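Trainee: Sequence:
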Amino acid sequence: MDTATLLEKYAIGERDFSGIDLSWADLKQVDLPAVDFWEADLSDADLSQANLTGTNFKAATLTRTNLTETTLTAADLRSTDLSDANLQAANLQTALYDRMTRFPANFDPAIASAYLIAPQSVLQKASLAHTDLSGADLSHADLRQANLQQASLFGVSLRQANLSTAALQNTDLHEADLQNANLSGAKLSHARLTDAKLQYADLSGTTLTAADLTGAILWKANLFGADLRTAILQAANLQGAVYDNRTQFPADYHPEQHGAYLIAPYASLQRADLGGVTLSGADLTGADLTKANLTAADLWGANLTQANLTDANLTDANVWGANLTETNLRGANLTGIDLQVAALTDAILDTPGLAADG
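The numbers in this note's numbering rise by one with no breaks, and the one at position 224 of the sequence shown is 228.
Since the hints were derived computationally from the structure, they do not count as laboratory data. Hints are not guaranteed to be accurate.
[Claimed, not checked] Keeping only pairs whose Cα atoms sit at most 25 Å apart, straight-line, the calculated DMTMM-like set for lysine to aspartate or glutamate is:
1. Lys32 - Asp45
2. Lys129 - Asp102
3. Lys295 - Glu330
4. Lys32 - Asp88
5. Lys191 - Asp88
6. Lys129 - Asp146
7. Lys32 - Asp20
Quantities reported herein were computed from a predicted structural model and do not represent experimental measurements.
Please build the complete structure, drawing on both the sequences and the hints.
Mentor: This is how it looks when you write it as structure tokens:
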């Protein structure tokens, strides 16, 4: 396809030019935002001073391409070959790239304010609204305060990612893997979370009004203070999820009937399976946790004053800063935990010498 034909098709609304051969084409100063050049060959082409904002160059060939002063903001450069391209004064701010992207020697995309889409990426406060990241691997990524509103995150891996206070309103997270993700304080109103995996996710303080959680797995998720009013919870799995008195559910929804646990002072939690659950800062004053499973639970800063933990399993639990004053720990399995980092005044233990005086 020649340049004239390309521009004619663009003018009448065509945007899909995937796989096209435009090698050696003269496209200097063209205005082609939001075009799909997936797997296109633009090698040796002149795209200098062109406007290619939001253009998809995934897996495209741009070797030796002239991109001098070209606007590539929010362009998708994942798996793109830009080796020997001229990127002098090009604008790559908020462009996407991955570890398969090939840049010219001595070109640093991070300095150009492009975003690395990969596991463990640091994307704090990143502007990714309306971006298509379907299927991407962002496990362990730092996305605190990122703007992902109306983004497409279908099937994305965000396992153990930090999305604290991120903006995810109207975002498509269908079948996303959010296991162990930190979503505390995130805004997810009207988000699509159908069939999403949210096992062990921290959703404390999260806004989920009108979010669609149909078929979502919220097994052992932390819902402290979450706003789920008007959320769709049809066929959602809340087995072992924890909530408190601040959590707001839809009218006529009874979380305890779906296997969720109310975490509150004097709660009745005998034999409760809370293994691996995040309970940091929880108020369990006087709660009955007889024979409860708290294996590897995070009890950082939790208040367990006068709680009954008789025969409970606390193997490898984190009790740093926890208040265990007058707590009954008789028969409890304390393997792998450091009681010296907790307050144990007058705690009842099988080994009394472990209890602190104050």
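Trainee: Hints first: check each against the structure and report whether it holds.
Mentor: Structure-based check of each hint:
Distance restraint check for Lys32 and Asp45: the Cα-Cα separation of roughly 16 Å lies within the 25 Å cut-off, and the hinted pair is therefore satisfied. With a C-alpha separation of about 18 Å, the suggested pairing of Lys129 with Asp102 holds against the 25 Å cut-off. As the CA atoms of Lys295 and Glu330 are separated by approximately 18 Å, the hinted pair is consistent with the 25 Å bound. Restraint check: the Cα-Cα separation between Lys32 and Asp88 comes to about 18 Å, which is no more than 25 Å; the hinted pair holds.
A C-alpha spacing of about 42 Å is found between Lys191 and Asp88, which places the hinted pair above 25 Å, so the restraint is violated. The straight-line distance between the Cα atoms of Lys129 and Asp146 is roughly 9 Å, inside the 25 Å bound, and the hint therefore holds. With a CA separation close to 20 Å, the supplied pair Lys32 and Asp20 stays within the 25 Å bound.
Figure legend: structure checked against the earlier numbered hints; the only hint not met is number 5.
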